[in-house]
Amino acid sequence: MATIIYISLAFLLIFCVMAVMSHSLLKSAIYLALASATLGVILYVLGAYWAAVIEVSVCSGLITVIFISAISLSKIKKEEVQKLYSDKKRMWFLPVMLIVVGVALIVLALANDLSLTNTAEKVTEDFREIFWNTRQADIIGQIVTILIGGIAVFVLFRDDEDKK
Amino acid sequence: MLNFQTIMLFVGFLMIIAGCYCMIRTYHMLKIIIGIEVAMKAVTMFLILAGYMNGHMGLAQAYVITAIVIEVIVAVVFAGVTIGLYKKYGNMDIRNLTELKG
Numbered sequence: 001m002a003t004i005i006y007i008s009l010a011f012l013l014i015f016c017v018m019a020v021m022s023h024s025l026l027k028s029a030i031y032l033a034l035a036s037a038t039l040g041v042i043l044y045v046l047g048a049y050w051a052a053v054i055e056v057s058v059c060s061g062l063i064t065v066i067f068i069s070a071i072s073l074s075k076i077k078k079e080e081v082q083k084l085y086s087d088k089k090r091m092w093f094l095p096v097m098l099i100v101v102g103v104a105l106i107v108l109a110l111a112n113d114l115s116l117t118n119t120a121e122k123v124t125e126d127f128r129e130i131f132w133n134t135r136q137a138d139i140i141g142q143i144v145t146i147l148i149g150g151i152a153v154f155v156l157f158r159d160d161e162d163k164k
Numbered sequence: 001m002l003n004f005q006t007i008m009l010f011v012g013f014l015m016i017i018a019g020c021y022c023m024i025r026t027y028h029m030l031k032i033i034i035g036i037e038v039a040m041k042a043v044t045m046f047l048i049l050a051g052y053m054n055g056h057m058g059l060a061q062a063y064v065i066t067a068i069v070i071e072v073i074v075a076v077v078f079a080g081v082t083i084g085l086y087k088k089y090g091n092m093d094i095r096n097l098t099e100l101k102g
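Read top to bottom, the protein sequences are chains A and B.
The first sequence begins at 1 in the working numbering and counts up by one.
The second sequence begins at 1 in the working numbering and counts up by one.
Looking at chain A on its own, in the form it has when it is part of the complex (with noise of 0.2 Å):
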């Protein structure tokens, strides 16, 4: 299991560097889906079956989909991207920044002997009942979250439609 997560990891960190570092936006948000199901295997490895399938489902489809939708309203050519925000200049510091970091606090984690334990003996929790009857309070403001994304979306389309 423990290789599983190593392997994964590195692949996680990889493609969200890739993402953020990418001049294509297209690319970035191909590389944000890899990360997404990257983390899908992550999170379905520890145990976590449901958050994993939505994971994979909803952030690595639906919202790559929003991206390239996106993307391709905008019509804006790679070229221009770069002229106007010069990213190849400005991104080459993050993967120094990110090396230095991730080695400074391996170091500080094996210099004090840090390691986090389990705290406590696996509880057998159906997620099913926490989250319909434990968790009803979440289900309620996730429905609010949804319309308020729903009529907000439907406020910024209209304007242009008044307009025509």
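Hints are computed from structural coordinates only; laboratory data are not their basis.
None of these values were measured; they are calculated from a predicted model.
Treat the hints with care, since some could be wrong.
As the list claims (entries may be wrong) - Listed next, the in silico BS3-like pairs over lysine-lysine satisfying Cα-Cα at most 27 Å (straight line):
1. Lys27/A x Lys88/B
2. Lys88/B x Lys75/A
3. Lys27/A x Lys75/A
4. Lys75/A x Lys87/B
5. Lys27/A x Lys87/B
We have chain A already, so just place chain B on it with the hints.
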């Protein structure tokens, strides 16, 4: 020797740094959403890691699903604002937002 929980904590921390760096250093609105998404992935991983360590994986999954719903709504609304910005100014530079009135 570091165990995988500690390594997950460090990787999540690095992901948050990458996301914040993306949000700070770029003016492109879609790139800013990508930075937010990267940081949210780290938060999702932290929640599941906390559930795994405490043994309450069901509760952690409920929180993660709520976080994913909020993540999607944020992405949708930001994408809508981005398209509106593009239609008004012809680019997605977030500095244009300072010129809006009202």
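Given the proposed pairing of lysine 27/A with lysine 75/A, does the C-alpha separation stay at or below 27 Å? Measuring from Cα to Cα gives roughly 15 Å; hence the hint holds.
Could you grab the alpha-carbon distance between lysine 75/A and lysine 87/B and see if it respects the 27 Å cut-off? Given that 27 Å is the threshold and the Cα spacing comes to 11 Å, the pair holds.
Given the hint that lysine 88/B pairs with lysine 75/A, does the C-alpha gap stay at or below 27 Å? Holds, at roughly 14 Å.
What's the verdict on lysine 27/A and lysine 88/B, does the C-alpha distance respect the 27 Å limit or exceed it? Holds, at roughly 25 Å.
Take a quick look at whether lysine 27/A and lysine 87/B sit within 27 Å of each other, Cα to Cα. Measuring from Cα to Cα gives roughly 23 Å; hence the hint holds.
In terms of the numbered hints stated before, the structure departs from none.
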